[in-house]
Structure formats: C-alpha cells, structure tokens
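For the protein sequence lines, the chains are H and C, in the order given. If you read the first sequence in this note's numbering, its first letter stands for residue 905, the second for the next number, and so on. If you read the second sequence in this note's numbering, its first letter stands for residue 905, the second for the next number, and so on.
Keep in mind that the hints are not guaranteed to be accurate.
Just so you know, same-sequence chains aren't split out, so a pair can sit in one copy or run between any two.
[Claimed, not checked] Heads up, simulated DSSO-like pairs for lysine-lysine below, C-alpha to C-alpha not over 30 Å straight-line:
no.	residue 1	residue 2
1	LYS1221	LYS986
2	LYS942	LYS986
3	LYS986	LYS1158
4	LYS1002	LYS986
5	LYS1074	LYS1002
6	LYS1074	LYS986
7	LYS1138	LYS1002
8	LYS1063	LYS986
9	LYS1084	LYS1158
Hints listed in this document are in silico derivations from the structure and should not be mistaken for laboratory results.
2 protein chains.
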Amino acid sequence: MTHDIQIVTEAELKEAVKLDLTVVDVVEQAFVALASGKVVMPPILSMDLHEANGEVDVKTAYIPGFDGFAIKVSPGFFDNPKLGLPSLNGLMILFSAKTGLVESLFLDNGYLTDVRTAAAGAVAARHLAPKTVETAGVIGTGVQARLQMIAAHLVRPFKQVLVHGRDPEKAAACAADLAKALGIEAEVMTDAAELVAQSQLVVTTTPAREPVLKSEWLHPGLHITAMGSDQAGKNEIDPSALVAADAYICDSVKQCEVSGELEAAMAAGLWNKGTPAELGEVITGARPGRISPDAITICDLTGTGAQDTAIATHVRKHFGSAGTVIQA
Amino acid sequence: MTHDIQIVTEAELKEAVKLDLTVVDVVEQAFVALASGKVVMPPILSMDLHEANGEVDVKTAYIPGFDGFAIKVSPGFFDNPKLGLPSLNGLMILFSAKTGLVESLFLDNGYLTDVRTAAAGAVAARHLAPKTVETAGVIGTGVQARLQMIAAHLVRPFKQVLVHGRDPEKAAACAADLAKALGIEAEVMTDAAELVAQSQLVVTTTPAREPVLKSEWLHPGLHITAMGSDQAGKNEIDPSALVAADAYICDSVKQCEVSGELEAAMAAGLWNKGTPAELGEVITGARPGRISPDAITICDLTGTGAQDTAIATHVRKHFGSAGTVIQA
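When you get a sec, could you build the whole thing from the sequences and use the hints?
Put into structure tokens, the structure is as follows:
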C-alpha cells in the first residue's frame, strides 16, 4: 500500500531551519521530556568501520505526545577530506509515532545534527551559565566551535569570544568567522588556561582523548559545556574537575556513563557524588543546577535521540507538505 | 556539498527484484561472509513503543569487500490492520562503504526484508535439508509462510505442501495461494504433529511465545527452519528439541542467544553442546551440518544485518542509476 513520503534536501533545510531561539526552545522541550522518565531512548547503535577509517551511529527516541519519532544515521568517514568530501554526513528519517510509516526523509548531510547539537549547548548555557557572561571561550575550531558560540550568544549575549585550537590557522579562521557572525570582538588564545581564566562560559568541541581543560583552571562563576565526547575513550575535561565543580550535569546519565566525560571520571574511581542530575531535571527544577553566581558548573553533552526526534518533528511541522513528495 | 541519491519505491523494487535463485545466492554470500569473522555486525537497535503497540528494529552490517553497507529500519505497529494498514513497514538505506555518503534509499515498506528473509530459508534448506524432500510443511499462515515455502521450493522441489495455523480460514487461504504459486498439491493440516510427521522439511513462521513444535515430533530425516523468533521471549521450537537434534545451526550465534530459539534452551539450562555452528560455517564446510540422510537438523534464523547489506548492494547493482535521483 503506497503512501506519501516527503523528501527535503540539505539546501532546502538550510534555507528554512536556522539556529535560532525557536530551535533552542524545541530542543529544550526534548530535555524536559527526557526528565519525565517516559521517553523511550535505546542505547546508540554504533558500528566501527576500521578498514575504511569510518564509524556510523544510529540514534532514536520515542517521546510520548509527539506525532513522530526520528531515526538519525550519522556516518563519520575521516579520510573523506582527502577526497574533497566532508567527514560527517547522514540523514534523519521521521516516522509516524502512530503507524510507523515513513513520513519524511531529511537528506541533511548532518545539518540538523549540527543545529540540534548547538541548540543543546544554548539550553545548557541558558540554565547553567552565570546570568552575565562578558566573555565566552571555545576550545576547538571546527563547525561546532562556531555553532556553539553562535547558539550560546542567543541566550548569553557576551561581548567577547576567545578561541583556542591546536592549529593556529584554524583558530584564526574560527575567530574571524565568529567576529563576523556575532559582530563582536574575537581573539585567538594560544594558552587554553588563559582562555578559561578570562571566560565565564567555556565550550569544548574537540575529539580529544586526553583532557584539554584542567581541573586547576576552574574558577568561581565559570560554566563549562563539554560537547566533544560522544564515544567511549573520548575525554575533554580533567576527570577530577567533575568532582571539584559544584554541579556536574548530564544530557543523559546512561550515555555519559559510557561515552561522556563521566566515563573517564568513573574509570578513574573519582566520581563519588551518586547519580548526576540531567539537564532536563535542572530545567524543570527537579534537581539543582547553578546554586549561586560564584558556583562552578559543568554540562556534559553526548547527543541524544530525543533531540533528533524533537528537531525532526519541528522541521516536519515547519515544512508542512513542502519538499518533494514520493509515493512509495 | 550535494551528491546524487537514488530513490527506489516499493512498486519499482517489486517489479525488478524477485525471490529467485539469484537472490538466494546473494544471501548465501552474506552467510559465507559472516563465517569469515570479518563482518562488523553490531547488536540490533530495538525500541519498544508500548503506548503505540509498536516496535522498531534497526539492523546493519559492514561486509569487507562490499561497496556499500545497508542500514535497515523495520517498524512493526500491530494496531495498523485496524486502520487498513500493514503492520510491518520500513526502508533500507545504502551507504558507500568508502565515504559513508547515502547512495540509495529503498522505500520498500519491508519488501526487501521479506525477500532476504525467505532467501535465508532457502539457503538453510539447500545446505541442511535432506537431498530429497517430497513433502514440506509450514506452521504459520502469514506472508513469510508463503514466501518461505516458495523459497524452499527453489532448492528442494517438493511435490506437496502442508499448512498449519491457529486460524483455519487463514490456513486455507495460505494453502490456496501456495498451490497456485507452486503448482503443487497443498493441504491444510489441523494437527501440527501430523504435519511434521509427514514432512521432511518444516518451517515455522509464527510470533509464538510458547513452542508450536514439540520435541517428540522429531523424526529421522527431518529438517526444521525456525524463522519466527526475532525478539527476546519469542519461542517456536521446544527447547529440548535443540539438544535432541543431530545439528542445531544459528544464523548468528550472538543473536540467537538473545532472541532466537537458543535463548529459551539456554534459559532452561538445556543447551549443553558448546557454541553452535553458524549457517555460514556449514556452507563453507568449517562445521558439520547434515551428517546423514537420517539426521535431524534445526536452523534458527533471527535475521541479520549482513543479509540486508547483501540484498541492498545487489539491488543497487541491479538498478544501476535507475529510479528517481535527488541532489541532496
């Protein structure tokens, strides 16, 4: 029995879906839903393609009350740049939550993942960063370094942005892009410790396997969002920092235990504060987040299927019946 | 960066891809690859949507040497028939195994899964059933009951088919369809024990959670393929039959341990024969299958991502650049 399937391309999605407060609110609702305990979110399907220097992750979540659920496939093939292709690709598929029929194919090559990931950073900053942020810093110089700062600026309109990366040229390019996008001063910092010292909000966006942010750099009134660790073995934040901070918050405790910063802290036997709060619980007030302007907070984002379902459902509403329709 | 994505609908796939010996050979190659130990096949992602009486499974596998790998999404929503919709749906996505880019979307609503599942039954019959099968029996009356018998007939051209199901009308309809499709005598059996007694090849295609085939029904020169159990808790074959048979063969031991017939036999503490052979090992001769015409053999099919990658790669080759092409 045939039915209509909507197909929307990356170009169409980029035209219509921007990283703005609407999307931040959509992703915030995903975290609120997660905190309700009623979301069904299976462990990430992860496949390592060692021969091809690639990996594929599949994420999904069912959020009660949502019309649809997304299945998101994210391939990462790290030799692609040699071929002139981006490393990250993929698509999102939206299914009816009532019938399981395919409703939409978002052929986004990872664009919606970029947006929902940055939006999660904004949600973390909104609920955990000090009310006033004069200076924000980013460790990392890729796509997410840019998008995380743009997203954070939506909720904390800082006046200055600092960029640190291993490659000075990439850091300079990232700073230039951010100065242009945000219309503020942007500076490259060769010393990551100095970047943290001057910032009230720091986001790490690296694939590091050894900490890029040391515990001794923590200072009162600092919020850190670590969004780079999304697989076992990755680690951006000094494990002892998680314990030293006044609050350590996960997007999903189950995921952070196996692929976030919490993994390293638990492996080192350092984590001794019971079950961490989740971002959704901080949003709803069920668990404390920032308890004072001087508090130190860390938010660990591994990326959840709930965000994918939330943004895909939003995009479907937004597009209505536009795009190419195939009878299949 | 945009690239071409091929989109093929269920109608186009049904026109071009038939359940024939070509497809059986393609799926056989998937099992041979699995036996090599070099296939990367992560555990199935499974999501239970209790509120919607639905479930979704995602399967994948990377087979070295294959140009692509498939990710297959199979939703099952069991209230759909009330809405006039089929319970099973879904799609297959073929990715380049070199770059991870989406190459093809097979909007098959489960058709390719039906075909590759039936083809696996033919592979099992080819390598495990007695050389001569006069009578084949099927327990179950759904789509797979028909397809499994059609597939088995390709490799064991039996003269009579017997059908048993709980619903006599459905059994009669299934028998009528098979008589027409195969041009042979087809009979409904109200007694499953009698069906097994008269058959040299039996396939079970039910969603049973209590055995529908008893151990005491086993007889010399019998092969059984159980393909209904694909989730924890399902069980078609009396657990003691697995031990009583001369050979019990898995499509994938890891999957059969958690979702096949082996699960129940292990849970009952009955399984005492070490690591079962896999179908691919029987094909290559690495492990014995049927050791004599009088032997009793059982093959347990849970459905593997390797089959999906094999058939999707085959379909891609078969279609070439046909279908609808979208730049995305």
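Hint numbers contradicted by this structure:
3, 8 and 9
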